[in-house]
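Chemist: Chains as they are written, first to last, in numbering that gives the first Met the number 0: chain A, 0 to 248; chain B, 0 to 289; chain C, 0 to 936.
Hints are computed from structural coordinates only; laboratory data are not their basis.
Backbone N, C-alpha and C define an ideal beta-carbon position, used for all residues, glycine too.
Please note that the accuracy of each hint is not assured.
To be verified - Some chain C residues flagged as far from chain B (calculated, every beta-carbon gap over 10 angstroms):
| no. | residue |
| --- | --- |
| 1 | 790 |
| 2 | 902 |
| 3 | 917 |
Claimed, not checked - Have a look at the derived ranges for each label pair, beta carbon to beta carbon:
| no. | chain 1 | residue 1 | chain 2 | residue 2 | range |
| --- | --- | --- | --- | --- | --- |
| 4 | C | 8 | B | 61 | 26 to 34 angstroms |
| 5 | A | 220 | C | 447 | 35 to 43 angstroms |
| 6 | C | 286 | A | 220 | 38 to 46 angstroms |
| 7 | C | 8 | A | 8 | 30 to 38 angstroms |
| 8 | A | 197 | B | 101 | 57 to 65 angstroms |
As the list claims (entries may be wrong) - Just so you have them, the derived chain A footprint on chain B, three or more residues with Cβ under 8 angstroms:
| no. | segment |
| --- | --- |
| 9 | 64-74 |
| 10 | 118-130 |
| 11 | 151-163 |
| 12 | 179-191 |
| 13 | 265-275 |
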Amino acid sequence: MTQLPQSTERKMGLVIDLDTCVGCHACVISCKGWNTENYGAPLSDQDAYGANPSGTFLNRVHSYEVQPAEGAAQLIHFPKSCLHCEDAPCVTVCPTGASYKRVEDGIVLVNESDCIGCGLCAWACPYGARELDAAAGVMKKCTLCVDRIYNDNLPEEDRVPACVRTCPAGARHFGDLGDPDSAVSQLVAERGGMDLMPELGTKPVNKYLPPRPKDTIEDQIDILAPLLAPVAEEPKGFLGWLDKALEKL
Amino acid sequence: MHPAPSVIVFTTLSGLGFGLMFFLGLGLPDVSGWVAFVFFAVAYALAVGGLLASTFHLGHPERALKAFTQWKTSWLSREGWCAVLALMVTGLYAIGVIFLGQRWAGLGLLGSLLSLATVFTTSMIYTQLKTIPRWNMKLTPAMFLSFSLAGGALLAGQTTLAIPLLLIAALVQILYWRQGDQAFANAGTTLATATGLGDRGTVRAFEPPHTGTNYLLREFVHVVGRKHAEKLRVISFGLAFVLPVLLLVLPFNHLFAALAVLSHLAGVAVSRWLFFAQAEHVVGLYYGKR
Amino acid sequence: MNQPKLDTSPRVSDEIRRTTCYMCACRCGINVHIKDGKVAYIEGNRNHPVNKGVLCAKGSAGIMQVNAPSRLRAPLKRVGPRGSGEFEEISWDEALDIAVGWLKPLREDNPEKLAFFTGRDQSQSFTSFWAQNFGTCNYAAHGGFCSVNMAAGGIYTMGGAFWEFGQPDWDRTKLFMLFGVAEDHDSNPIKMGIGKIKARGARVIGVNPIRTGYNAVADDWVGITPGTDGLFILSLIHVLMKAGKIDLDYLSRYTNAAVLVNAAEGPEQGLFLRDADGKPLVIDRVTGQPTAFDKPGVRPDLTATYDKDGVTHRPVFHLMAEKYLSDEYAPEAVAEKCGVPASRIRAIAGELARVAFDEAFELNQEWTDFRGEKHSKMIGRPVAMHAMRGVSAHANGFQTCRALHVLQILLGTVEVPGGFRFKPPYPKPVEAHPTPHCKVTPNSPLDGPHLGFVRGPEDLALKADGSPARIDKAFTWENPMSSHGLMHMVISNAHAGDPYKIDTLFMYMANMSWNSTMNTKGVIEMLTDKDDNGDYVIPRIIYSDAYSSEMVAYADLILPDTTYLERHDCISLLDRPICEADGAADAIRWPVIEPDRDVRGFQTVLIQLANKLGLPGFTNQDGSAKYTDYADYMVNHQRKPGIGPLAGFRGADGSKVGRGEVNPNQLDRYIENGGFYLEHIPDEALFYKPWNTAYQDWAVGMGLYDSPQPYLFQLYSEPMRKFQLAAEGHGDRQPPDHLRGRIMETMDPLPIWYETDQTGNEGFTVNALTQRPMAMYHSWGSQNAWLRQLHGRNPLYVPTKLMREHGLKDGDWARVTSPHGEIVVPVMEMAALNDNTAWTWNAIGKRKGAWALQPDAPEATKGFLLNHLIHELLPPKGDGLRWANSDPITGQAAWFDLKVKIEKAEAPADAQSKPEFPPIKSPVGTGPRDLAWKVGK
Ligand SMILES: Nc1nc2c(c(=O)[nH]1)N[C@H]1C(S)=C(S)[C@@H](COP(=O)(O)OP(=O)(O)OC[C@H]3O[C@@H](n4cnc5c(=O)[nH]c(N)nc54)[C@H](O)[C@@H]3O)O[C@H]1N2
Ligand SMILES: Nc1nc2c(c(=O)[nH]1)N[C@H]1C(S)=C(S)[C@@H](COP(=O)(O)OP(=O)(O)OC[C@H]3O[C@@H](n4cnc5c(=O)[nH]c(N)nc54)[C@H](O)[C@@H]3O)O[C@H]1N2
Ligand code: SF4
Ligand code: SF4
Ligand code: SF4
Ligand code: SF4
Ligand code: SF4
Ligand SMILES: [Mo]
């Protein structure tokens, strides 16, 4: 199964808005919660209450500082999970066929009962999207919540990934990136959605919306300055202006 | 990359084992009976031992057979096939040589080619990974193959072949290190491309996603001090090539030959340690580490 | 392709139980998925007014909280010395008997010798009712060390506050300005709101020395110097007033800008001119006559003065013009102090003006104001602001908060579409709040509610001899308007016996020996200090916690609480409800799982204690108990006839809202409804609430007020002026002389900015701050196996400039000193940070032995608190007195006034941050090594 499908019927994925993500980690924990209880083995934690706690997470939020040539440094929160690449190197390296990309929606999954835990797929993934679970000995990765998005036991509106449903800031969007008319595709088009490490040729399905330009308020001073023309220089003059202004009301 | 002992042991030993097998398959040395048995036993011990070691790092070694299914795409799967075929074919050939006094040359040649193919497929497991620029080079298979052949010749007692093969391997090693040191930069993957934020300024990793460690950091981020690495390179090079060649050019002596083999083995092991320890996975960029 | 067959519709759970989250005080609605009777997964409740389905990291990690190994298991009696952590498990009968044995004699003789302080309490209307019935005057919750500056500043200025009592009109605002907020109580709503604003492409301006979280997504960042927001805001006011960019109509109608201020020298100077009914007077533009502000048809004049007895009385707005047009507030004059370029201050003022006035819009919605005037439209001014502890946790925070509200009001953007909106029970003017009460009578209830809003010196909580009536010295001349009490002073005052000694300190849900206290080490010493007889100076300490926190070790008797999924709770309109600007809402918690330990909900325990003590409010005429437990109280208690803790589903059949008889099935109705009740505000009542007749009538119907309470926004605060008058020597209640100057200076009835007290700070030049991590709640998060992986230790973030200056690089250690103490901690560089500010995450550092963590947990080795550097008192002054490190007006703890010195330090050999405390013995052992939590198969 490690052959990638020629093409997939749909390209389901996430669009993450770096302009809006406040770095709250809600998506991280809700993902941990859902995927511990659902798809496959629980996401385990080692040394859970000790000196060196370490657990399996399918989604992690980094943060980066960007220092522009001019002006203040910026901080960008950066969630990252599997990007469900079209040209997924993690799939083709897998010796057992445990890793595969679904034909119907492009979701990249690990069939845990076939996985020997060799770790090679994690080596092949540039994005750090796969983690070998230390307790279960199998590879874990974002499932795009495949057990939610089609789940008849959930109300229609809840058939979205756990991380998307929970994101308080609405920085995570889910949909078919293969359909140019879908809301996510349009968002990507409007906001210049980008790929991570495009040079590696993985063709990620997930897209990132770049932060909007920042710290621009002083650039608008030409427009704003006229608004601030003093009505008077002295309190006395001001009261005179006030009287006239009140007259007009 | 985390230099996992199991993987270092695996690639070192099995490389040597299949190298020996390559020569045995060609009838070098042309031995039979007990002597042959010992040679083949050594080759099998190394090759199979290495393969077994490689299963130690598996989460589910009991499912290892499943790894044979994906030969169409997976180098690891292909390696499995090659190894098994090489072992089987060479095994048949060995039965002839040891017990029947027969040298089925065609079978031996096939075994030799399969042995080399095994080493090649092993090397391709690493070479294919664009995520690790230091491995993602043509020199990686060249290195694995040249090491395997040199070590095989050494073990097979083919002194005249071993010396040039060792020299070739030494050259490949130097080239590999030289090119490897540039590989990450040449690949062009940076924190700027990793985050897509490069066009707005200099990107610096700030807070990590978790204050503790995780699988990714354990597996992919291993920082070797530069000085430390230089020293190890010298040691590795001396042990793997310089010392064995010196020992070989001295008048033949079993003790020296044995020393040459052990020295080479130790040198290759150190080189392999560096192969892993110095390999930087692009994912480290996300953590501000390499 | 032969893909594996997947079951994409697995069963999610056996059942969903809907209750209210308490992983923090935001109180979101949660769906608790239950499998085999156990919690399997927690998600947000989509129908809930607070979170509308979303959930934060803490909320999702609730499953790891209710399973935490740190949960207390049974009542504990101390057997070792205080602080050792040595306890013996006892039965509830014994625990209650011990408590009653201590409390009963106090009630009979000196009820005030019980100090009952309840920390992060969400049942204050209940706990205060208990304390009132016990009869002690010593009751408060955590507000004094938290954000009373915001609450009091808001209520004294506009009858409602930021905190979680109001919210921006997220759907309509076009410019959102956020001051000093890292996370706040409205955790999810703020994120949802910012998300909405960003989706519209509207602008967010973040004013904060640190650029993380909300400030990181802000379009413009103002990396202000801590403690100078007041000056920055007054400068914005200066520019806007000077440019005439103010909403004159709004000011004249809805604020006291037009109210006449008495100019005659004497005891009335600076007070309002009032008519015979006590109504403030304005000059009516139509008649030119002084007229009661609320007379139908009156057009209050902002300019006209009034001459009487040879004195010219001027309206508030005159005084404002005089003050704020002064050059001292010009951007150029404040820029350096604030660390904000003048051009940027002007640009922000310009943008405020542009959006408020050029992007004004109208809603076609009729409404009628309190003067009876009908308006055909509602005018939107889409500028909204929010602020929290960055403003409030400074000793000038009250005035800064007032300044911020005045800025909003000048722009006409409070309670209008697109602006800042109140959530019921607010708006509620000072006049509708109680005054503080402190009259103690043995064996009787207190004479009224403990906390309230003073109108003037007459309401201070002073004894006949002028000494403080309360142990925390709330409502005294030192901090007259301390509406939330001063929990951070209780232990040190009780230890010092100043103003008097107490017998029993009873605390709930406050980690006072660690992260919620200043001067942690000193407080630990006070808690364990003994007198000459070998008795503890604070004789008895009772504490209720649910977990093995640092504070547990310092109590004599522990009443173990349930977790939030195991008990009844009431989030009531009587105290801090979960309302939205569009509706009134309250909520409950109910036991969605049964405790597997010998623990009881604290409120139920209080009822059991009340019953044993025979407290009047809990006892029927015949002497029988009124309530068996908290659930019973939630349903059957009536504060006033028809008004109880829960507003929804009242009346015998559950059809009444707000007011109505008791409904015995009320809790079931709440549970069916998802654990909450929401009553929408009618459309014509949605805005202009303080002046909107429809809203006022609706609020009366809901039981929020007894009669309509329209009022004017108080740009000029008369109660403050009354304290100034006293300081000037007027009136019979007089401040001590050493406080006169400070009261006169700080209690200006118009917002001012003053530099906070820098005595003793010479050489300490770096501001040191904390921020709340979004994924951690104070100290609670560390016991959570998932959350502690996110924040298991905390570096000190140091700006690039200071890193260079001190030769520091990431991972180095630094010695950080304040006039009070020293810590040695790891540092990390940060560029997006005010050049002169260092900071760390709050409350990550833990004491060894607490929270069932292994003693070598990073929280206890590398993690640290800034609290060791902050003292509850300022360094000694020339006058020999030590003044409180609090806002002089409200007593708010001034956490963020901290100034430090940073120098490079040797990395400690043990890689352990300093100071280090000896471990305490864990009453619950330590947690397991590995976890693979899965409830279902
Ligand atoms: N996740 C989470 N949520 C919480 C809590 C928690 O512990 N965790 N705690 C709850 C509690 S009790 C409270 S009181 C609220 C508090 O919520 P916040 O008000 O957000 O409190 P802090 O995290 O202390 O953030 C204070 C912010 O003010 C900034 N600041 C400091 N000094 C100044 C200044 O002079 N000017 C300006 N403009 N900014 C300044 C700091 O950089 C920081 O960003 O949060 C509540 N919500
Ligand atoms: N340096 C610095 N210090 C600060 C602040 C700061 O910004 N900087 N912020 C201050 C502020 S605003 C606040 S509000 C305080 C907060 O400080 P605290 O009020 O101490 O807050 P928590 O750490 O949440 O501790 C509350 C206690 O409640 C317990 N608890 C949790 N759940 C339950 C329960 O269900 N029942 C019972 N009975 N107990 C429970 C916890 O175990 C813990 O021991 O910290 C203050 N301290
Ligand atoms: S992100 Fe990594 S794991 Fe996911 S599809 Fe791409 S390569 Fe595979
Ligand atoms: S770890 Fe599992 S999924 Fe990954 S390559 Fe190995 S067998 Fe395939
Ligand atoms: S889609 Fe599901 S599995 Fe993937 S990151 Fe989101 S919650 Fe986790
Ligand atoms: S939940 Fe949303 S806002 Fe929070 S970290 Fe994840 S993507 Fe960012
Ligand atoms: S903000 Fe988070 S922790 Fe707080 S109540 Fe809401 S979900 Fe729970
Ligand atoms: Mo607080």
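Chemist: Report the numbers of all earlier hints that the structure fails to satisfy, in ascending order.
Modeler: Numbers 1, 5, 7, 11, 13 - these are the hints that the structure violates, sorted from lowest upward.
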